[in-house]
Amino acid sequence: MSQLLFEGKDWSFETLQAIYDAVESVAKNDLALDTFPNQIEVITAEQMLDAYSSTGMPLLYRHWSFGKRFAQFEGVYRAGLQGLAYEIVINANPCISYVMEENSATMQALVIAHAAFGHNHFFKNNYQFRQWTDPGGILDYLAYAKNYIASCEERYGEAEVEQLLDAAHALAPQGVDRYPRKRRMSLLDEERRNRARREESERLYNDLWRTVPTAGEAARKTIDHQRALLRLPQENILYFLEKTAPKLASWQREILRIVRLISQYFYPQQQTKVMNEGCATYCHYRIMNALHEAGRIGDGSFLEFLQSHTNAIRQPTAHDPSYSGVNPYALGFDMMSDIARIVREPTEEDRHWFPDIAGRGDEIAVLKDVWANYRDDSFIAQFLSPHLMRKWRLFHIVDEADAPKLKVESIHNERGYQDLRRSLASDYEAGRHTPDIQIVDVDLAGSRRLVLHHHVFAGEILDVVDAALVLRHLTSLWGYEVMLEEVDAATNEVLKAHMASPEP
Amino acid sequence: MRIVDRRLNPGGKSFSNRQRFLRRVRDTVERTVREASRERAIEDLENAQEVTVPADGAREPLFRHMPGDRRDFVLPGNRDYVEGDLIDRPEGASGQGGREPGRGHGQDDAFRFVLTREEFLSIFLDDLELPDFAKRGLVDTQKLGSRRAGYSTSGTPANLSLKRTMQMSLARRIAMGRPRHRVVERLEEEAASAKGSEASELLEEALRTRARRMRIPFLDPVDLRYRRFERFPRPVAQAVMFCLMDVSGSMTEHMKDLAKRFFMLLHIFLTRRYQRVDIVFIRHTDEAQEVDEETFFRSTETGGTIVSSAMVEMDRIISDRYDPASWNIYGAQASDGDNMLSDNELTRTLLQDKILPLCQYFAYLEVANTNESHSLSYVGGSSLWNAYTPLAAKARNFQMRRVARRDHIYPVFRELFRRRDGAHAEEAT
Chain C
12 MSQLLFEGKD
22 WSFETLQAIY
32 DAVESVAKND
42 LALDTFPNQI
52 EVITAEQMLD
62 AYSSTGMPLL
72 YRHWSFGKRF
82 AQFEGVYRAG
92 LQGLAYEIVI
102 NANPCISYVM
112 EENSATMQAL
122 VIAHAAFGHN
132 HFFKNNYQFR
142 QWTDPGGILD
152 YLAYAKNYIA
162 SCEERYGEAE
172 VEQLLDAAHA
182 LAPQGVDRYP
192 RKRRMSLLDE
202 ERRNRARREE
212 SERLYNDLWR
222 TVPTAGEAAR
232 KTIDHQRALL
242 RLPQENILYF
252 LEKTAPKLAS
262 WQREILRIVR
272 LISQYFYPQQ
282 QTKVMNEGCA
292 TYCHYRIMNA
302 LHEAGRIGDG
312 SFLEFLQSHT
322 NAIRQPTAHD
332 PSYSGVNPYA
342 LGFDMMSDIA
352 RIVREPTEED
362 RHWFPDIAGR
372 GDEIAVLKDV
382 WANYRDDSFI
392 AQFLSPHLMR
402 KWRLFHIVDE
412 ADAPKLKVES
422 IHNERGYQDL
432 RRSLASDYEA
442 GRHTPDIQIV
452 DVDLAGSRRL
462 VLHHHVFAGE
472 ILDVVDAALV
482 LRHLTSLWGY
492 EVMLEEVDAA
502 TNEVLKAHMA
512 SPEP
Chain Z
34 MRIVDRRLNP
44 GGKSFSNRQR
54 FLRRVRDTVE
64 RTVREASRER
74 AIEDLENAQE
84 VTVPADGARE
94 PLFRHMPGDR
104 RDFVLPGNRD
114 YVEGDLIDRP
124 EGASGQGGRE
134 PGRGHGQDDA
144 FRFVLTREEF
154 LSIFLDDLEL
164 PDFAKRGLVD
174 TQKLGSRRAG
184 YSTSGTPANL
194 SLKRTMQMSL
204 ARRIAMGRPR
214 HRVVERLEEE
224 AASAKGSEAS
234 ELLEEALRTR
244 ARRMRIPFLD
254 PVDLRYRRFE
264 RFPRPVAQAV
274 MFCLMDVSGS
284 MTEHMKDLAK
294 RFFMLLHIFL
304 TRRYQRVDIV
314 FIRHTDEAQE
324 VDEETFFRST
334 ETGGTIVSSA
344 MVEMDRIISD
354 RYDPASWNIY
364 GAQASDGDNM
374 LSDNELTRTL
384 LQDKILPLCQ
394 YFAYLEVANT
404 NESHSLSYVG
414 GSSLWNAYTP
424 LAAKARNFQM
434 RRVARRDHIY
444 PVFRELFRRR
454 DGAHAEEAT
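First to last, the protein sequences are chains C and Z.
Under the numbering used here, the residue at position 417 of the first sequence is numbered 428, and the numbers go up by one with no gaps.
Under the numbering used here, the residue at position 425 of the second sequence is numbered 458, and the numbers go up by one with no gaps.
Simulated from the structure, these hints should not be mistaken for laboratory data.
Idealized CB from N, CA, C, for every residue including glycine.
The reader is advised that the hints may include incorrect statements.
One-sided excerpt, in silico: chain C residues whose CB lies under 8 Å from chain Z [unchecked claim]:
| # | residue |
| --- | --- |
| 1 | Phe24 |
| 2 | Thr26 |
| 3 | Pro48 |
| 4 | Gln50 |
| 5 | Arg73 |
| 6 | Thr328 |
| 7 | Phe406 |
| 8 | Val409 |
| 9 | Ser421 |
| 10 | Glu471 |
Over the 12 Å line for every Cβ pair with chain C, so calculated as not near, a few chain Z residues [claimed, not checked]:
| # | residue |
| --- | --- |
| 11 | Ala232 |
| 12 | His287 |
| 13 | Ala425 |
Based on the sequences and whatever the hints tell you, model everything.
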């Protein structure tokens with residue numbers, strides 16, 4: 012009797028169920044994946060476009076920018092320039108994976124293996140997601156947000172809400188906490204700390220200090236105190252505005268909070284693109300191969316799978332006209348496979364570079380540990396092997412503004428490995444692409460002017476036009492003047508300053 | 034695991050976002066639509082239209098870096114470089130060292146998308162401020178149809194819906210607990226066969242049940258349901274639109290553009306009303322000829338002007354191809370008003386006696402150069418204008434206007450078609 016899960020392209024709900032069961036058994040038994048419960052949703056191409064344009068979420072408040080995104084995707088899709096993604100998966104509990112009705116049975120198997128197990132495992136176990144996201148509550152929260160914003164539109168007018176959302180969106184990248192907030196101390200701890208502080212000050216007490224004049228001290232103290240109350244400096248601009256902007260109504264604060272929380276929710280995804288796709292691609296590859304070996308997937312379907320898989324992990328070289336950067340699927344998949352190789356069959360070089368994992372023998376245990384505890388930059392810094400750098404023939408180019416030519420800084424050889432790895436990893440540092448902007452001061456005594464600093468690294472100042480537009484949004488929220496100074500991180504020199512005043 | 038079929042969920046979740054987006058980029062879209070109406074063929078006008086939205090229309094600004102003094106790229110696919118090599122900067126964006134991943138934004142702000150037919154039309158018509166237009170004009174060409182529209186509690190016996198009435202009756206009987214005939218019979222039989230006090234109890238119950246059955250009627254007036262019909266305006270099936278234009282040398286491109294916009298409006302108006310609309314293009318100098326649209330609007334001839342030739346041609350085509358019994362015939366004539374003096378009388382007679390009786394409506398549009406004054410009360414007019422003037426007062430289905438500027442087309446158009454109800458008969462001329 013045939014063991015095949017399906018034949019040909021067609022699928023039915025029974026096939027889906029059978030595929031799911033087969034995939035699940037490989038995922039649980041062979042790969043020991045630890046996932047949220049799954050929900051598979053069958054949707055049409057149009058619904059996929061919808062989901063695409065609302066950042067993949069099944070429900071989201073209304074805003075013109077999502078319509079713009081829809082029009083963009085639709086245009087590209089209709090022009091046939093690009094197929095739709097086969098899948099969208101939502102970091103929720105239960106984990107929701109969309110599969111398109113147009114997909115063939117093979118593609119459904121691939122999507123289930125990739126999304127419902129690979130991504131799902133990653134969402135559940137990676138420390139970034141564990142720290143920042145609440146998969147159990149996200150759908151309810153989005154539903155709440157959607158209704159809340161709709162009711163605001165009804166009460167205060169669409170234009171008013173749209174303007175606010177525009178401003179909030181412009182600041183959304185500055186609306187995430189990059190470091191976990193300090194935990195509130197328990198009362199007991201606080202008491203203990205206060206006592207220690209008192210004892211220390213008693214120990215240090217010297218009556219002589221009373222005689223030192225204190226003029227001006229008091230005034231500065233109140234200002235310092237006020238700054239402390241405002242929690243300055245503050246890098247989360249949306250949070251700051253939500254809590255302290257003097258002119259906002261409470262519904263406006265709530266909308267800022269919504270945008271901020273959603274932005275925060277997606278923050279881990281930005282930092283783990285390579286790892287997340289690498290994990291999912293590695294898992295689907297293992298699972299599909301296991302199913303094929305077990306005779307559950309026919310040769311023809313397996314070829315179809317291999318074709319999609321190869322397309323997904325295609326990495327054109329830099330000389331290729333179609334080159335558009337490093338493909339996260341390709342890099343992620345190759346690194347995962349490479350780690351598996353190092354764990355299984357290490358060379359002398361691997362043993363030298365990866366003493367902790369080389370030859371450990373259980374690649375799944377190692378990979379699961381990697382998936383749980385790294386993000387893209389630390390992952391590449393830690394695990395990009397010389398073997399892979401040679402395979403990819405990586406090279407590092409430096410483009411100095413005043414140099415007449417580009418310089419090849421390092422290539423895939425003994426001298427270059429460390430440099431290549433460090434440079435590629437730094438490309439994925441979250442901080443490198445989002446400008447480091449902090450609110451440093453508010454002129455509380457006078458104009459209420461807000462002062463921000465942009466810490467400039469390697470001379471990368473802000474795009475002037477965009478900065479002016481964002482600042483205009485910022486002043487509209489803050490309600491008073493805003494000044495942004497660009498400060499060289501190394502020399503503390505002010506390179507440029509932007510000012511914006513609220514419109515009267 | 035759960036599998037959920039979401040395909041039947043209502044689609045178009047992005048619809049309102051799309052509307053918001055269109056509102057946002059309204060200016061751009063309007064410009065494109067206006068250009069489209071200048072450049073596209075009349076019949077293509079309503080097809081979906083591609084719009085390029087430039088960056089400033091839908092910009093979403095974010096703080097972002099400008100490239101600094103030093104840029105680093107780690108690239109795959111080294112061929113033959115070794116450490117320390119110096120290479121030329123690549124030309125253009127592609128090639129080695131060209132782009133850096135994650136720096137691609139900026140260009141994605143401008144993009145193309147396609148307006149749906151409805152979106153296009155609503156913007157096109159909105160541009161021309163065409164409010165409720167379809168409801169207005171040409172009331173007398175509509176036929177009223179009637180169609181089913183649910184049920185009502187009153188109506189004529191002929192419309193009684195037996196099925197729905199019986200459903201209502203059944204529902205009511207169940208709700209009110211009307212005992213079934215069988216139940217009553219059984220009780221009566223049991224009562225008849227029982228003895229002693231039990232018998233009287235059973236008999237009493239049987240009687241009570243029977244009485245209850247009598248009290249709740251099988252069919253009650255509240256059950257009655259009648260099929261309801263409602264009247265709706267049924268569009269007349271087909272129409273033909275004659276575009277008559279003077280193409281003699283005196284007609285400038287500007288004049289033709291005015292004429293074309295007028296014909297477009299007429300066409301959109303007619304296509305919204307009729308299932309099928311034919312367009313016939315007739316151009317004339319001193320002789321008339323049926324042509325395709327391209328020739329109609331693009332070519333310029335020289336020669337004398339004999340307007341009556343166009344009338345003759347139109348009359349011929351009608352009798353050949355468009356039986357007035359089954360076609361609604363519309364005519365629109367655009368001209369700069371120059372006609373051979375000797376021809377004016379003939380033209381008027383032809384129009385009055387041959388054309389107008391066949392037409393639902395005939396409009397004469399006199400087009401002028403921009404620098405001439407646009408005037409609703411045009412006095413001392415062109416020879417054709419003067420020839421037509423007596424007709425406008427007499428024939429209800431004939432109107433004439435003069436336009437010089439593009440933005441006057443729509444008001445004039447609306448005025449022309451609004452007049453059909455006769456309310457503003459004396460406003461102009």
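A quick look at each hint next to the structure:
Hint status for Phe24 (chain C): holds, given a least beta-carbon distance of 6 Å to chain Z, under 8 Å. Because the beta carbon of Thr26 (chain C) sits about 10 Å from the nearest beta carbon in chain Z, more than 8 Å, this interface hint is broken. Interface restraint check for Pro48 (chain C): the shortest CB-CB distance to chain Z comes to about 7 Å, inside 8 Å, so the restraint holds. Here the hint on Gln50 (chain C) is kept, as its CB sits about 5 Å from the closest CB of chain Z, short of 8 Å.
Interface restraint check: Arg73 (chain C) against chain Z, minimum CB-CB distance 6 Å, threshold 8 Å, status holds. Because the closest C-beta pair between Thr328 (chain C) and chain Z is about 2 Å apart, less than 8 Å, the hint holds. Restraint check, Phe406 (chain C) versus chain Z: the minimum CB separation of about 4 Å is within 8 Å; hint holds. Taking 8 Å as the C-beta cut-off, the interface hint given for Val409 (chain C) holds, the closest approach to chain Z being about 6 Å.
This hint holds: Ser421 (chain C) has a C-beta 6 Å from the nearest C-beta of chain Z, less than the 8 Å allowed. The criterion of a C-beta within 8 Å of any C-beta in chain Z is met by Glu471 (chain C), whose closest approach is roughly 4 Å, and the hint holds. Annotated as non-interface, Ala232 (chain Z) keeps its C-beta farther than 12 Å from every C-beta of chain C; the closest such distance is 62 Å. The Cβ of His287 (chain Z) sits about 35 Å from the closest Cβ of chain C, beyond the 12 Å cut-off, so the non-interface label holds.
Consistency note on Ala425 (chain Z): stated as away from chain C, and its beta-carbon is indeed over 12 Å from all of that chain's, at 46 Å minimum.
Taken one by one, the earlier hints fail for this structure only at number 2.
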